[in-house]
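**Student:** Work out the full structure, taking the sequences as your base and the hints as a guide.
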Amino acid sequence: MNHLYEWLAIVLITVAATTGDVLLSYSMKRVGDVAELRRRVGTLSVIVRVLSRPTFLLGIAAFAVAFYSLLFGLSKGDLSLVVPASASLTFVANAVVARIFLHERVGRRRWIAALLVAAGVALMAF
Amino acid sequence: MTFRKTLVLAGVTVFSAAGDSMLAVGMKHLASVSLHDPASLIFAVLNPWVACGVLLLLAFLASYMTALSFADLTYVLPATSLSYVLVALIGRFGFHESVSSARWLGIAFVTMGVGFVAGGPSVSHARETRPQDVRPQEVQP
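If you read the sequences in order, they're chains A and B. Per my numbering, numbering of the first sequence is gapless, rising by one per residue and ending at 180. Per my numbering, numbering of the second sequence is gapless, rising by one per residue and ending at 147.
It is worth saying that the hints were derived from the structure and are not from the lab. Among the hints, a few may not be true.
[To be verified] Just a sample of chain B residues kept apart from chain A, beta carbon distances all over 10 Å, derived:
hint, residue
1, V20
2, P54
3, L62
4, A65
5, F99
6, H102
[What the hints assert, rightly or not] Beta-carbon label-pair distances, calculated as ranges:
hint, chain 1, residue 1, chain 2, residue 2, range
7, B, S106, A, W61, 17 to 27 Å
8, B, H102, A, S106, 40 to 50 Å
9, B, V105, A, S106, 38 to 48 Å
A virtual CB, placed ideally from N, CA and C, is assigned to each residue, including glycine.
**Tutor:** Next up, the structure:
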């Protein structure tokens, strides 16, 4: 039964983390380079701009789901399976989703990088 | 890639590995968390190790958001994946977990992946999600 819960946690983490990553990346691209913006409008204004984005708040909510799924997974299974397995799946899911929703050009170099990292992280489970 | 941006990416890497390790220590100290007792999951954050992990993960979130403000998601993720190598090393030398040859091979793969993406451009997408430079109050007459 613990094995089932372990994989349930892994799937939950992957879906929630990918959703959070995409929403956060989208928000921060809309806000713009934080360091540059800080020089122009000040730290407080940057914080207000980030916090007032609904997509940012949704992204944080998704990360909260991922975080609690991680706590749940860690209490049921091994750090050395739950973290690499969910991370590995998240890398591949993100490459696909970033292409579709963020219109990032995922070229050959990035696909190879994402797959190498995903394979490497998966190997760490053994 | 300026020195500042490299530093931000390094911050993402280190804070994430340190945070995850603290969480793992904390959760090992707690009794098994059960689905039938959701409150135990919520109160887990009161454990000092877990609380420390949460603080580190907040630092991770801040540096991660900064990184995402200047680079693509498909760049930032592989570029900061050395944190998994760090987690494996912390597991080996901190928690005395055994690191198999498959895991060392995995570490080599991750490192190659990082090298691959770091050699390419950090921003490469059609600028559909352009920063909004025009503030509403400037538009109003």
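**Student:** Is the nearest CB of chain A more than 10 Å from the CB of B:H102?
**Tutor:** holds (12 Å)
**Student:** Range first: 38 to 48 Å. Now tell me if the beta carbons of B:V105 and A:S106 are that far apart.
**Tutor:** holds (45 Å)
**Student:** Over 10 Å from every CB of chain A: does B:V20 meet that, or does the non-interface label fail?
**Tutor:** holds (16 Å)
**Student:** Does B:A65 really sit off the interface, with its C-beta more than 10 Å from all C-beta atoms of chain A?
**Tutor:** holds (14 Å)
**Student:** With 10 Å as the threshold, tell me whether B:F99 passes as away from chain A on beta-carbon distances.
**Tutor:** holds (14 Å)
**Student:** Tell me if the beta carbons of B:H102 and A:S106 are separated by a distance inside 40 to 50 Å.
**Tutor:** holds (47 Å)
**Student:** Starting from the range 17 to 27 Å, see whether the pair B:S106 and A:W61 falls in it by beta-carbon distance.
**Tutor:** Given about 21 Å between the Cβ atoms, the range holds.
**Student:** For B:L62, is the shortest CB-to-CB distance to chain A above 10 Å, so the non-interface label stands?
**Tutor:** For B:L62, whose nearest Cβ neighbour in chain A is about 12 Å away, the distance exceeds 10 Å, so it holds.
**Student:** In terms of Cβ atoms, is chain A entirely out of 10 Å range of B:P54?
**Tutor:** Holds, because the least Cβ-Cβ distance between B:P54 and chain A comes to about 15 Å, which exceeds 10 Å.
Checked against the numbered hints listed earlier, the structure breaks none of them; every hint is satisfied.
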